[in-house]
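Asker: Sequence:
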Amino acid sequence: MAGIGFELKKVFAKKGALNAVKAYGYAAVICTGPMLLGILLLLGITGLCVLNGTDIHTRELLISMITYTMLASTLVTSFFSQVVTRFVADMLFSEDNGSVLPAFWGSIVVTMIIGSVIYGSFLLPSGASYLQGLLCYMLLGELIIVWTAMNFLSAIKDYKSIFLSFFAAITVSLLVGALLLACKLPVIESLLFSVTLGYGVMLVWDVILLHRYFPKTQKSAFDFLKWIDSFLPLALSGLFMIVGMFSHLIIMWYSDIGSQMEGLFFGAPQYDVPALLAYMTSLITTINFVISVEVSFYPKYRNHYSLYNDGGTINNIKQSENEMLGTLKTELFYASLKQLLFTVLIIAVGGTLLDLLPLGFDELMRGYFRTLCVAYGICAIGNMITLIQFYFTDYKGALIGTIVFTVTTILFTLLSLLLPNIYYGFGFLLSSLIFAVVAAIRLDYYTKRLPYYILSVQPLVYEEKIGFFTKISNILKGKLEESKHDE
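The sequence shown begins at 413 in my numbering and counts up one residue at a time.
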């Protein structure tokens, strides 16, 4: 599902600052919708708490509950997200649109079962009240559906509608939250409800969009599971990427700057808040990947591969490969440079901007923010290179890079705990740097041998891999057919 749609291309073609802001806003929401929404809502409800005069403990417990739920949903869906995207792309390429919507609901069933069991087992002894636990549980389900929907919505490229659902979710959450606090209702329950309601609006909107674009059929909802056996490195890459990006946060919850909020809910607000804000600065690379890399690189990529299928001459193939790789190197360089310059700018003016936010930043938090801005910026560059590896179906290379990223993040973050707390964050910075370097070296190695990987590595005869997930798919398909027959 590579390449941006005509709607976004038309927006970028228009002149003027307003159209530029509109285009960048579309790109940001499409690329990072649920996570960006979660961060903005965390900042928004923090502001509501401050304006309401809520005590620090209540505020931190609320943030902890929402953060736990967001990370749980991200972790559960990360294993399936890349494979599901590949499945949808394959179905669209083969013009089998009827398999898309069943796969959407099938993937939701699988991830909801896994998420419900894992997170439910945590919530029961967590110390949350029954109402708080129920709201967190509902929010988890909504987040799983929204994360899954975004994988499918990237195919229809209706950017305006997706952006409106994002905007509506923020508006509803903050307005309802402010109203409930004005009525003097309990803070945690009120704001948990408002966030759940906001994601609910986005969920309903996104599901309606999917049903509008894809036909409803009786095809198997679990065929996508077979793709996991065929593309297991792709699934694992998605999982390790998420673990690498956020495991340092969890480690900090149990460090000397962390604290127990209540029951099993731990947090490190001095580290978490700077980390969330620093993560947002890395979105510039994600946006530039869509705007610059895909706009310039994808047409040449598509042309190069079409020459293999459409009888292109050797000279044409060589020329198109040189053009494609030349464009790729240029766009990766400029995207990385933009991230570097943006990071420097944010660090330079960040102190002034942070003072304007009611987040209680002290000097230690400012130091974490500067360190993590650099770390997440470099991590975004590594992630961008990994996405290019997906283009070239170098799933093995992507898996190697993300495993290195996860292992080094956990290892170096743990080692950083032996140092004074002003150095916390440097472990993640070092692991991000190693990740970007490993990914770049692998991409260079792979692209220098691209004709070999295109022509010689592929099997001569296709063989379906009958693994664990294929067997599960067949069992579930059989059960569904039996239930329909009984009816």
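Treat the hints with caution; some may be incorrect.
Said to hold, decoys possible - The list that follows gives simulated cross-link-like pairs (lysine-lysine, PhoX-like), each with its CA atoms no further than 25 Å apart:
#1 860 <-> 808
#2 628 <-> 891
#3 891 <-> 741
Said to hold, decoys possible - Per label pair, the in silico range of CB-to-CB distance:
#4 616 <-> 738: 22 to 32 Å
#5 579 <-> 627: 26 to 36 Å
#6 628 <-> 831: 49 to 59 Å
#7 764 <-> 864: 26 to 36 Å
#8 591 <-> 710: 37 to 47 Å
#9 579 <-> 530: 45 to 55 Å
#10 710 <-> 541: 25 to 35 Å
#11 627 <-> 886: 18 to 28 Å
#12 890 <-> 726: 45 to 55 Å
#13 525 <-> 760: 25 to 35 Å
#14 883 <-> 580: 25 to 35 Å
#15 628 <-> 539: 35 to 45 Å
#16 530 <-> 710: 35 to 45 Å
Derived by calculation from the structure, the hints in this document are not laboratory data.
Ideal Cβ positions, reconstructed from N, Cα and C, are used throughout, including at glycine.
Asker: Looking at the structure, which of the earlier hints fail to hold?
Answerer: Numbers 3, 4, 7, 9, 10, 13 and 14 - these are the hints that the structure violates, sorted from lowest upward.
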